[in-house]
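S.K.: Residue numbers (numbering that gives the first Met the number 0), protein chains in the order written: chain R, 0 to 148; chain Z, 0 to 67.
Hints are computed from structural coordinates only; laboratory data are not their basis.
Please read these numbers as outputs of a predicted model, since none were measured by experiment.
Among the clues, some could well be false.
[Stated by the list, open to error] Covered stretches of chain Z (chain R as the covering partner; in silico rule of three or more C-beta atoms under 8 Å from a C-beta of chain R):
hint	stretch
1	16-25
2	36-44
[What the hints assert, rightly or not] Example chain R residues on the side facing chain Z (calculated, C-beta under 8 Å, incomplete):
hint	residue
3	Phe66
4	Asp70
5	Glu71
6	Gly73
Just so it is clear, CB atoms sit at the ideal spot from N, CA and C, and this is done for glycine as well.
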Amino acid sequence: MPDQRRRRYWAYLAATVVGTLVISQAPLVLVGRPIVHGVIDPARVVVWSIAVALAMLWAVGFGVLMFRNQDEFGRQASQVGWYWGATLGLGLSAPIFVFIGLGGLHAFWPGVPASPELKRAFMIGYLLPVLMQFAGFLIVRAGWRWSKR
Amino acid sequence: MKNRLKVLRAERDWSQADLAQRLDVSRQSVNAIETGKYDPSLPLAFRIARLFGQPIEAIFQDAAERQD
Numbered sequence: 000m001p002d003q004r005r006r007r008y009w010a011y012l013a014a015t016v017v018g019t020l021v022i023s024q025a026p027l028v029l030v031g032r033p034i035v036h037g038v039i040d041p042a043r044v045v046v047w048s049i050a051v052a053l054a055m056l057w058a059v060g061f062g063v064l065m066f067r068n069q070d071e072f073g074r075q076a077s078q079v080g081w082y083w084g085a086t087l088g089l090g091l092s093a094p095i096f097v098f099i100g101l102g103g104l105h106a107f108w109p110g111v112p113a114s115p116e117l118k119r120a121f122m123i124g125y126l127l128p129v130l131m132q133f134a135g136f137l138i139v140r141a142g143w144r145w146s147k148r
Numbered sequence: 000m001k002n003r004l005k006v007l008r009a010e011r012d013w014s015q016a017d018l019a020q021r022l023d024v025s026r027q028s029v030n031a032i033e034t035g036k037y038d039p040s041l042p043l044a045f046r047i048a049r050l051f052g053q054p055i056e057a058i059f060q061d062a063a064e065r066q067d
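Please model the complete structure; the sequences and the hints are all you need to start from.
M.R.: The structure is reproduced here in structure tokens:
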């Protein structure tokens, strides 16, 4: 990788990490923690959510710059890694999801709490990124095909 | 896909890093192309052809074509 490209890569990476951390943690300074004395503050939850959304925008923006900064070999490596690596990771997570979802942790280690609420929270927590990732995949693939008409 | 990149590079006494610099790609890209593990895109193939002053088909050869 030519030196200039390498320097840009590290600059983008540093900007991504630092910027994302600063933006996502800014509410700590601006409004404080979202839970005060065990009570959830709705306004603060909204502020924290917006901050994370902005942080993700920042991260994605620099992610695009990092991707475009690579040569075509590097881009293809990234695409293969994200496509097949993410697919492999999802595949591996499925049996773990079923094991935990069916109460496997509690069955083997009774000290681990189990309740219908916990089960529901776990299922939502697992399915949200999986479904969003799949939706993102379908949208980007359709958009790519549409742009090549 | 077979290619003559290594030969052409050696004729000019360039290292893989030299060629990578001239093509504005990584040294790993040059190595992968030379060993036939990665086929360059058409734009990069044209850049390579222009750099060596030869037509693309004089540098890159399709495996099926070689059997004919």
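S.K.: Could you run down the list of hints and mark each one as holding or not?
M.R.: Each hint tested on the structure:
1. 16-25: Answer holds; 5 residues pass the 8 Å Cβ test.
2. 36-44: holds (count 4)
3. Phe66: Hint violated; Phe66 (chain R) Cβ to chain Z Cβ min 14 Å, cut 8 Å.
4. Asp70: 4 Å, holds
5. Glu71: 5 Å, holds
6. Gly73: Hint holds; Gly73 (chain R) Cβ to chain Z Cβ min 6 Å, cut 8 Å.
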